[in-house]
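Visitor: Residue strings, one per chain:
Number of protein chains: 2
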Amino acid sequence: MTQFLEESKKISREISTLSGEVKNKVLNEMADALMDHCDFIVSCNAKDMSEGKLNNLSDALLDRLYLDGDRVKGMADAIREIATLKEPVGRTLDGWVTENGLNIQKVSIPIGVIGIIYESRPNVTSDTAALCFKSGNVCVLKGGKEAEHSNNAIANVLRHVLAKNKLPEQAIALLPDSSREGVANLIKQDKYVDLIVPRGGAALIKYVSENATVPVVKHDKGLCHIYIDKDANHKKAIQIAINAKVQRPGVCNAMETLLVHKEVAAYILPPLYEAFIAAGTELKGCEVTREYIEIDCATHEDYDTEYLANILNIKVVKNVEEAILHIGKYGSGHSEAIISENYSIVNKFLNEVDAACVYANASTRFTDGGAFGLGAEVGISTNKLHSRGPMGINDLTTFKYKIYGQGQIR
Amino acid sequence: MTQFLEESKKISREISTLSGEVKNKVLNEMADALMDHCDFIVSCNAKDMSEGKLNNLSDALLDRLYLDGDRVKGMADAIREIATLKEPVGRTLDGWVTENGLNIQKVSIPIGVIGIIYESRPNVTSDTAALCFKSGNVCVLKGGKEAEHSNNAIANVLRHVLAKNKLPEQAIALLPDSSREGVANLIKQDKYVDLIVPRGGAALIKYVSENATVPVVKHDKGLCHIYIDKDANHKKAIQIAINAKVQRPGVCNAMETLLVHKEVAAYILPPLYEAFIAAGTELKGCEVTREYIEIDCATHEDYDTEYLANILNIKVVKNVEEAILHIGKYGSGHSEAIISENYSIVNKFLNEVDAACVYANASTRFTDGGAFGLGAEVGISTNKLHSRGPMGINDLTTFKYKIYGQGQIR
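Protein chains in written order, with full-length UniProt numbering: chain A, 1 to 410; chain B, 1 to 410.
Take the hints with a grain of salt, since some may be wrong.
If several chains are the same, the list does not tell them apart, and a pair holds so long as it fits within one copy or across any two.
[What the hints assert, rightly or not] Quick list of in silico lysine-lysine cross-link-like pairs, DSS-like style, CA-CA up to 25 Å: (1) 348 <-> 262; (2) 348 <-> 206; (3) 106 <-> 86; (4) 235 <-> 262; (5) 106 <-> 329; (6) 25 <-> 86; (7) 191 <-> 206; (8) 329 <-> 9; (9) 318 <-> 10; (10) 145 <-> 86; (11) 145 <-> 166; (12) 191 <-> 47; (13) 188 <-> 221; (14) 348 <-> 230.
It should be emphasised that the hints constitute simulated quantities derived from the structure, not laboratory data.
Please read these numbers as outputs of a predicted model, since none were measured by experiment.
Build out the structure end to end from the sequences listed, making use of the hints.
Guide: Here it is in structure tokens:
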């Protein structure tokens, strides 16, 4: 494995200097190749599907795993879209001339070798491989065991295009040892690997965070709140609350707990109750909430749970300070929203809540690379440093200082 | 300790929202207070000095530890300079309106709670405390045992100013348990600590990198090279090489190995030899180098050593590619320079060498916050992510997205 990663590191120097023109040409050929080998990919996926059924994977997991012609076309289209993104390498981020005439330029460069650990969805293989290639990085992919045949097929199609273009195939690699030991080894190879991106369940994130010596950009849970202030527009408040919980409950930017100012609880809880019940939401609430609407009791554990399901906690709070404290205690720093027309309260909330994305009068569901207008995303980072929130292609770059002198010494 | 850090986290919310005006007023009062308590600080330092002598600290270490009126004034002046820096919090880093009318602003914010682990120099206590305060962060400082009395005295003077301004004293804290176990505990408290900055010897950096679950910005070694190309201006080349090695050999941006293109070796090695011998430099060289000048043999271990002393390896290389490969093998990603008037070679070097700072025709000694014009620095980061190279005050901030809507849902 060490030898393999040493080679990855070496290759990363070659890939890092490819021109945007070459990279985009190769990406479009990759999209073509996925379409040309669609039947092959679907037939490999069928093996994963039948093994998955034998292993009693849930219907939800099987749906995420499944590929057909349409889904392969979706993967190809995503690569074509990545090819159209603005070149992320070589951007001048800052520049100045010092008093003694040094011309300093802060320029974006690829990160180097990126290890990505993920589960289920085979499209992550092509999406992340394309994003890493476009940003001049070498990727080492570790997909889930359940998608092994699909991931191998997709990676091989992409690698074949690299070879045809006389580029090193290992620029897009699957981790050679995909066992638990393989992952344990990968995340400690800080000499050769520059970044690990774990996408998956809490146990995986925790394991990687605690054991990696390579820097990690986590894609951890989203335990998101919406606070309905005393000065909220009730119609907006109800629409946003319903949207944030119900439109797609299984995603990280869905709301888990609704906080309501005590002065409006009597007016807004009954219509909220009706709307949520109509949407099939299971409601739990604090003691004060339960004075207004008949729902189950919410416990400390409930406030601490990312349901990923159509279940919601409701809590009545005294004021914005109590809302901020509750979010500080239970929030995961992902996405938090306030509904209020009072912009001194809004700004207090946006300033004091510590999260990647803080919203005024909009649904938390917008935390997403596409919705942000960043294009394809690696995921939603819950790191506080390097990348925070939707992780777009620019977050797959770092920088160096290029300094042009004329013989300066100190 | 957990309770202490939980309190630090809580305080960080209050400190993060202080206005620039308040912070600068407090910083100037801190500078005044250091001057007012100069005698007290110097007398506490005297205890460290006499204990240091009893413990047989080296003269170099004792010099770094020593404080007198002038050095305390230097600390006060540094704080006044930090007060004049542009406000690092609340900068709009990016901003746009999405198609559906969401106004997205990427805004700089404090990181939160920062643990800084360092050695010897007591001025690091006041510098880093002031930089963290100015950037709205709470700091937890862990200085060296040898400077304990000095660090306590300085921190207490600064904390007293916080209290006088009705701010929580714990915003500037010394780690309550300064034992090895205390450090081990600190670097795993990712729930309360947002960043660890270790500044010190290789063993400390390695220990922290391998054991921390909190993100780390390392200040690791500088193993820097200068490559004299075939098309170098010889006068510039000799001046820069001498400056990079001799002017201050004990620092991380000094040169350790000089690479020379084979076609100019015969002309440039003899005058380089004379200049270095005149400057008292101990020289080691590869076999080819030793055909031109009479010096000791350089081994693999020599190329891999950060001397921090007036010792230099010289190696003759075939071309810029071999220079880049040598740097890729032995460099620490800190500062690397090429001397050449051929800008297609220069650009190849600047693009392909992976280091925080890559120089054309200037000394590596300029890698420094002050020389870069960034003002006071936390140190020189050898991280590749978040902060790279001179770590100025803006690197003590991260960001959040503030999103203003008018009721948008998905």
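Visitor: Of all the hints given earlier, name the ones this structure violates by number, lowest first.
Guide: Of the numbered hints given earlier, those the structure breaks are 2, 10, 11 and 12, listed in rising order.
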